[in-house]
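Student: This is what each chain is made of:
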Amino acid sequence: MGKTLFEKIWDAHVVVGKQSGPSLIYIDRHLVHEVTSPQAFDGLRMNNRKVRRPDLTIATMDHNVPTTDRGLPILDQTSSVQIQTLEKNCQDFGIKLFDINSPNQGIVHVIGPQLGITLPGSTIVCGDSHTSTHGAFGALAFGIGTSEVEHVLASQTLWLEKPKPFEIRVEGKRKNPHAVTAKDIVLSIIKNIGTGGGTGTVIEYRGEGIEDLSMEQRMTICNMSIEAGARAGLIAPDEKTYEYLRGRQYTPKNYESLVDYWKENLKTDDDAKFEKQFTLHIDDIAPQVSWGTNPGMTCDVTETIPSPDDFSKGDSNQKKGAEKALDYMDLKPGTPIEEIKIDRVFIGSCTNARLEDLIEASKIVKRQKISSDVRAMVVPGSQMVKKQAEEMGLDKIFTDANFEWREAGCSMCLGMNPDILSPGERCASTSNRNFEGRQGTGGRTHLVSPVMAAAAAINGHFVDVRKVDFN
Amino acid sequence: MEHFKKTTSVVTPLDKVNVDTDQIVPKQFLKLVQKSGFGKFLFFNWRYDENENPKSDFVLNDSKYDNSKILVAGDNFGCGSSREHAVWALQDYGFAVIIAPSFADIFFSNCFKNGILPISLDQKIVEKLQQETQPIEVDLENQTIKTSSEEILFEIDSHKKKILLEGLDDIAQTYQFEDKISEFEKQSTVPSVL
Chain A
1 MGKTLFEKIW DAHVVVGKQS GPSLIYIDRH LVHEVTSPQA FDGLRMNNRK VRRPDLTIAT
61 MDHNVPTTDR GLPILDQTSS VQIQTLEKNC QDFGIKLFDI NSPNQGIVHV IGPQLGITLP
121 GSTIVCGDSH TSTHGAFGAL AFGIGTSEVE HVLASQTLWL EKPKPFEIRV EGKRKNPHAV
181 TAKDIVLSII KNIGTGGGTG TVIEYRGEGI EDLSMEQRMT ICNMSIEAGA RAGLIAPDEK
241 TYEYLRGRQY TPKNYESLVD YWKENLKTDD DAKFEKQFTL HIDDIAPQVS WGTNPGMTCD
301 VTETIPSPDD FSKGDSNQKK GAEKALDYMD LKPGTPIEEI KIDRVFIGSC TNARLEDLIE
361 ASKIVKRQKI SSDVRAMVVP GSQMVKKQAE EMGLDKIFTD ANFEWREAGC SMCLGMNPDI
421 LSPGERCAST SNRNFEGRQG TGGRTHLVSP VMAAAAAING HFVDVRKVDF N
Chain B
1 MEHFKKTTSV VTPLDKVNVD TDQIVPKQFL KLVQKSGFGK FLFFNWRYDE NENPKSDFVL
61 NDSKYDNSKI LVAGDNFGCG SSREHAVWAL QDYGFAVIIA PSFADIFFSN CFKNGILPIS
121 LDQKIVEKLQ QETQPIEVDL ENQTIKTSSE EILFEIDSHK KKILLEGLDD IAQTYQFEDK
181 ISEFEKQSTV PSVL
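The listed protein sequences correspond, in order, to chains A and B.
Going by the numbering used here, the first sequence opens with residue 1, and the numbers climb by one from there.
Going by the numbering used here, the second sequence opens with residue 1, and the numbers climb by one from there.
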């Protein structure tokens, strides 16, 4: 029987395999950031252990860095300590660090691909659940906890139970691909399969609707695999993948011979078997807006807030969850999504802060002003994205419309730095999680695409971006 | 590493599904660079009001459960962020066993690194355990849960069971395969980053 792409990558990385139980898997790339690594380095020190392969390890600071002027000192003492701790750890253990002043600094899942560190067919880990982003390049990439970070630092391997392959087919063509985006595709998938729908699996996204996407759009899809509970999500590499990585700063010297090998090997066999299957038809899907406190609580922009009964379809626990979510979000069933007024707009995060996201959002913002009731910010995913956007004049378009234009980092996606919502504030956010308090205690998050966020900023409430002019 | 063999206590019923790691330990407490002391931040936003006074309607603030070591929660427990701080907070607070119909993958794996036993059980059994007012006994060796009225068997992977029972150091275990790792590296086609 044939194998899936995931199984091929897995098999190629088994160091020790057993009939049952976990296998020891080799890790090709380890990305490190300031929040989930300090305790891991401490563990190494306590046991007098070294980093086995500093040459396969890259660090940056993204989670709690301020996004204001980089010339200013970091006021938050605890953030500052965490950042200094990463600097010291990288120095002590010989790890390459893109620090706060590096032109390569940025959200770890944005810089990996941009620098050519992410490679097809490789295994990539990071102490961050959105590591699944790198799966867009046909890599097996997943988030790990701090104990596992320590394990990879020490041994360049991990003991893992083999997840099950899950095929998600995205079929058809979007009628308006500027207004209905990759974000809307992945939110539609999560809405259908649920936040636990992918637990224990690695998703392979396939079909015309995936092949049509650019690399940056594919990253948005794979990024949110974890919101469906999947360990990882991946997409088979094609010409777009190979072209994207060609000639980047850390693209390997023998790249073309690697491409030849990947073309032969990195695809799912025709007779391979998936343990689970789901198909989404995208011809008629609408822009999506989340209304609740997990990403599965999402509906079309043209719909109204569902009642807990309609949402839960008879499941009493889901019903309780929906009631609690509506209470937290201060929303009533039957309210049209387009009538929901917003206070804040956040365009940023590892889901949607790449150059294409900013270009698309700028088309909505051009020659407009944001609503006087709204405070809006753009936080580019990396310093490189920021620089490229500025070369195109996008910063001017956003600041002319009264958006704030910031330095790179995770920022208000998780609010570890000063960028947070105040209690009760409602935000249209291009990030990935609408959990209670995620963007600030008492803050209310609606997940949307960059163009939906931009249109909401202009109008002060959600609008169907299919009816908006793209300049 | 921490080990786990057996515990007896009353259960703390947390009647919620999709409890994410942002709720277990909110992000403002992730800035510490050590593993200890996270218990006071456990379920912070559910436990305390804006003035940091305990909310009387939250289960952890009910003195009945003060010495509980067993948390019984709804489906998909520990979803979201990979933060191991969530497990450190549960452990530091005093929980040694988490029972739920299902767990998110990364959280599940993080538990075993910190001496916490996560047990998946059928939804109906979980709901029954949430009603249990008498102490229950969780025995890993025999894979049993004894309540005042019955004995429930639970499943656990044999490798994970061994890790918890013996409190094994994962990395020391892996170093036994040093020669295999070196051998693998010799034939690997993936080049260094730098």
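There could be a bad hint or two in this list.
Said to hold, decoys possible - Selected chain B positions facing chain A (in silico; Cβ < 8 Å): (1) Pro26; (2) Leu30; (3) Lys69.
Treat the hints as calculated values from the structure; they're not laboratory data.
Each residue gets a CB set at the ideal place from its N, CA and C atoms; glycine is no exception.
Student: Should the interface hint for Leu30 of chain B be scored as holding, given a Cβ-Cβ cut-off of 8 Å against chain A?
Tutor: Result: holds, 5 Å to nearest chain A Cβ.
Student: Verify the interface restraint on Lys69 of chain B: the C-beta must sit less than 8 Å from at least one C-beta of chain A.
Tutor: Check failed: Cβ of Lys69 of chain B comes no nearer than 21 Å to chain A, outside 8 Å.
Student: A closest beta-carbon separation below 8 Å is what the hint needs, so does Pro26 of chain B meet it against chain A?
Tutor: 6 Å, holds
Comparing the model with each earlier hint shows a violation of hint 3 alone; every other hint is respected.
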